[in-house]
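Student: Listed below are the residues making up each chain.
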Amino acid sequence: MDAIIQLVWQIVMLPVGLIFGGMAERKHFRQLDEREAQLPVPLDNRKHVTRPEQVVHAQMISGQVVIATDYWKSFLMKLRNLVGGEARSADRLMQRGRREALMRLRESAARLGANEVWNVRLQFSNISMMQGKRGGNMQVEVFAYGTAVKRRAANG
Amino acid sequence: MIVVNTETVPGYEVAETLGIVQGNTIRAKNVGRDIAASFKNLVGGELKGYTELLTEARREAIERMLAQAQQLGADAVLNVRFTTSAVAAGAAELYAYGTAVRLAPLASPESTGAAVLDEGA
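Protein sequences, first through last, are from chains R and W. Under the numbering used here, the first residue of the first sequence carries the number 2, and numbering increases by one thereafter. Under the numbering used here, the first residue of the second sequence carries the number 130, and numbering increases by one thereafter.
I should point out that these hints are in silico values taken from the structure, not numbers from a laboratory. Since this is a predicted model, take the numbers as computed values, not measurements. Certain hints may be false.
Unchecked claim - Computed cross-link-like contacts, DMTMM-like style, restricted to lysine to aspartate or glutamate with a CA-CA straight-line distance of at most 25 angstroms: (1) W/K177 - R/D3; (2) R/K79 - W/E175; (3) R/K151 - W/D163; (4) R/K28 - W/E175; (5) W/K177 - R/E87; (6) R/K48 - R/E108; (7) R/K151 - W/D204; (8) W/K177 - W/D163; (9) W/K177 - R/D92; (10) R/K48 - W/E136; (11) R/K48 - W/E145; (12) W/K177 - R/E54.
As the list claims (entries may be wrong) - To spell it out: a stretch of chain R is covered by chain W in this simulated footprint if at least three of its residues, at any positions, have a beta carbon under 8 angstroms from a beta carbon of chain W; those stretches are: (13) 43-52; (14) 65-78; (15) 110-124.
Idealized CB from N, CA, C, for every residue including glycine.
Let the hints inform the model, and build the full structure from the sequences given.
Tutor: Pasting the structure below:
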């Protein structure tokens, strides 16, 4: 009985995911484009800061986001599992999470008045697996961290 | 305390290495947040409750790491890394680790180096 309710629920939620989930996703991508254009803080994933003599302040910062799929995308992913190949819907989910986390990293760098962020690292963890839920929606945490560096104003 | 995830602090050199310092915390999600997240789960997108939960937990791990560094009398923690692991259904361990060091300003008189911070992370 439980399984049937679950199945019916998933079928009912499919169009909801398709329509509202898709709308939310497109809106999010549009916002990301805008925010990235507004706040072009350069990120660098090298370990060694160039021209260290100009640096006046260095501090570790982070940005993180937990992002989830809707039922429609989960359904597409399950279909994709049957035939293999590239899962575009999962790809877009990861992109969304990554860009949002990096954007938050840039924003916290800007709050400190930093010029750039060095040694940027990204870390992913699948939270839905932690819940031990089988067949549930994918929930991913993206965690970005790095060292914000502020330089002397005269040298840019 | 200076906290960076690079191998050196610009403008300083490492005078003494005090060893690895670490902080961890295991957090379980609470029911209220889970209900809110499951509503949000219908349409996908960000689960703010979980984002906050993990941000908080990570801050806690960093604070514990810094407390250890302070006990050793360190000036800075370098090369900080994070790991996350699932220890049980619905609970995650967040772990932060780095190297505690004592710093000395570089010889050149112009370089003032990174300012010392009172608030961590």
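Student: Now, for every hint given, state plainly whether the structure supports it.
Tutor: Against the structure, the hints come out as follows:
1. W/K177 - R/D3: violated (29 angstroms)
2. R/K79 - W/E175: The given pair, whose Cα atoms are some 21 angstroms apart, holds under the 25 angstroms limit.
3. R/K151 - W/D163: violated (39 angstroms)
4. R/K28 - W/E175: holds (13 angstroms)
5. W/K177 - R/E87: violated (28 angstroms)
6. R/K48 - R/E108: Within the cut-off at roughly 21 angstroms; holds.
7. R/K151 - W/D204: Status holds; Cα separation ~19 angstroms.
8. W/K177 - W/D163: holds (11 angstroms)
9. W/K177 - R/D92: Cα-Cα ~21 angstroms, so holds.
10. R/K48 - W/E136: Holds, at about 7 angstroms.
11. R/K48 - W/E145: holds (20 angstroms)
12. W/K177 - R/E54: Violated, at roughly 40 angstroms.
13. 43-52: holds (count 3)
14. 65-78: Since three or more residues must qualify, the claim that chain W covers the segment 65-78 of chain R holds, with 9 doing so at under 8 angstroms.
15. 110-124: holds (count 4)
When held up to the earlier numbered hints, the structure conflicts with 1, 3, 5 and 12 and fits the remainder.
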